[in-house]
Amino acid sequence: MKPPVKLIFGVHLHQPVGNFDHVFEQHVRDAYLPFLRSVVEHAFLPLTLHISGPLLEWLEARGDGYLDFVGRLVADRRIELLLSGYDEPILAALPRADRVEQVARMREALHRRFGVDASGLWLTERVWEPDLAADLSQAGVRYALVDDRHFLVSGFTRERLHAPFWTEADHRQLALFAIDERLRYLVPFQPPADSATYLRGLRQAGHQLAVLVDDGEKFGGWPGTLGWVFERGWLKQFLDAMAAMVSDGELRLVTPSQALMEVPSGGLAYLSTASYREMEGWALPAEAAARLGRLEKELGAERLVGPDGALVRGAHWRNFLVKYPEANRMHKKMLALSGLCRGRGDPPGARRAVGRAQCNDAYWHGVFGGLYLPHLRAAVWRNLAQAEGELRRGEGLTVEELDLDGDGRPEVWVHSGAFSAWLNPSRGAALEELTLFERGVNLADTLTRQREAYHEEALVKQAERERDGQGSGTPSIHEIEKTVRLTQLPPFDREPRALFVDRVLPASLTLQGYVSGDYPPVCSWAGRLFSVRAVPESQSLTVELAAAEPRLEKRYQFGAKGDLVASFSWDPDAFPPGAVHLVVG
1 MKPPVKLIFG VHLHQPVGNF DHVFEQHVRD AYLPFLRSVV EHAFLPLTLH
51 ISGPLLEWLE ARGDGYLDFV GRLVADRRIE LLLSGYDEPI LAALPRADRV
101 EQVARMREAL HRRFGVDASG LWLTERVWEP DLAADLSQAG VRYALVDDRH
151 FLVSGFTRER LHAPFWTEAD HRQLALFAID ERLRYLVPFQ PPADSATYLR
201 GLRQAGHQLA VLVDDGEKFG GWPGTLGWVF ERGWLKQFLD AMAAMVSDGE
251 LRLVTPSQAL MEVPSGGLAY LSTASYREME GWALPAEAAA RLGRLEKELG
301 AERLVGPDGA LVRGAHWRNF LVKYPEANRM HKKMLALSGL CRGRGDPPGA
351 RRAVGRAQCN DAYWHGVFGG LYLPHLRAAV WRNLAQAEGE LRRGEGLTVE
401 ELDLDGDGRP EVWVHSGAFS AWLNPSRGAA LEELTLFERG VNLADTLTRQ
451 REAYHEEALV KQAERERDGQ GSGTPSIHEI EKTVRLTQLP PFDREPRALF
501 VDRVLPASLT LQGYVSGDYP PVCSWAGRLF SVRAVPESQS LTVELAAAEP
551 RLEKRYQFGA KGDLVASFSW DPDAFPPGAV HLVVG
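Following the working numbering, the numbering of the sequence shown begins with 1 at its first residue and continues without gaps.
Simulated from the structure, these hints should not be mistaken for laboratory data.
Beta-carbon label-pair distances, calculated as ranges:
hint : residue 1 : residue 2 : range
1    : E41       : A288      : 44 to 54 Å
2    : D170      : Y514      : 51 to 61 Å
3    : E60       : L486      : 33 to 43 Å
Source: prediction; values computed, not measured. Note that beta-carbon positions come from the ideal geometry of N, C-alpha and C, so glycine has one too.
Could you build the full structure based on these sequences and the hints that come with them?
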């Protein structure tokens, strides 16, 4: 008789820094608490659980009993808790010292609240880079969870992945578990019998281990899942099906730590930079994502689920910083302040603010809002303002020329103990940041309207849904993206948004045409290179920037408290009669 297949089953729970209280409350009420109660009632344990730092702080402040419930299960060894970066950052996007510090903070928090020394890690958004192995090992992490895709894009076959593997960097070892993509797509989006059939197939094939750890929000938090998972009984049916398999000796739940002891190693693995399939697609520019979609359709579903499918890839997570300049500015400002903080002895308040600003959600966009949600971006800038305000307390006006955004061209950074400003001479001398520390706000926190890959597809999806009807499950994460309904393409901006962007508009331009962004300006300086001259004065600092043909001169006069006077000089005779010189900002 074949032994039972071992299943690592777990959930990752997270809400971002700056999210609304009612969103936290909704997810605890509709997803986190009823899911945990159901799992305990059905004795579907042990469970592997990750609670992010921002959510942990919110739950501790509320004191509503959820963490006590978790704590009792942890004490009974029915839950194994996972580490991560405390503030749920993309670890690969942080300086190496910050990676170690973020994980250490999470370890301390779990030890303080639950009395455990966690050694496994939930890798945020499963964004992997090879040098993470050394930093995670240094932080005391013994194992990490990644997707099976990480192995497949490195040439492993799917059949080999039902065991823990080991990797290393700088001669520091780390164990890796492969989350099963097939299970991730089945649970909870397809009937429970499909999951049972799949697990029985693994057992019959002689595989010892299956791993499913995924977002807890899909059990009642994501659109459409509350009714499907609880009201229509999916979770109860799933737990009943799993209980029957356990009773029949077909399935046994284990924690990752147990699996490391009981399942022989799959061997050595060096993984490529990777994330899950959907993330790699979202990171592509819209036009490239559309080409990828066409290629996938040409290959067909059967080939994509085969061994060739993993070789059809999108971009790495860092490409969001190219795709969205606003995300890049937040990221590079965070890096600059993290370095400044370390250089000034890491004052605790500033370091915590930098850590909170590293929370990942506002730096990218996929199915859900992310970067497009202004309150999440505002939370990043608020924490950056807090950090910089503490680090620069008492400083006078200073100007620096350096490559802040990493594009190989210098920017102008003006700052004092009260404010921080970022001028870009290579992008029309626009003001791309103006942060007032006391108010905790970046007045230049705007967002360029971009064409997204799903916009054009959304125009025809409703007709296809009406034609094809609905399936037997509920929409998965990728299908949620396809439920966007549009009757016309949304407007987009031809040039990046910022403060004090100069354009000359034709006299015939209507308000509707301007709002749509679909117009050719008579002249735009948005992408022009300006010369720079800084002029210190007794009570202020002036930055003068100039471009020729056609001539435009800008003069920004900064006061020490962040007050700003901007003046402009140009030649109206260089343009057609009736043309309008517009300064946006």
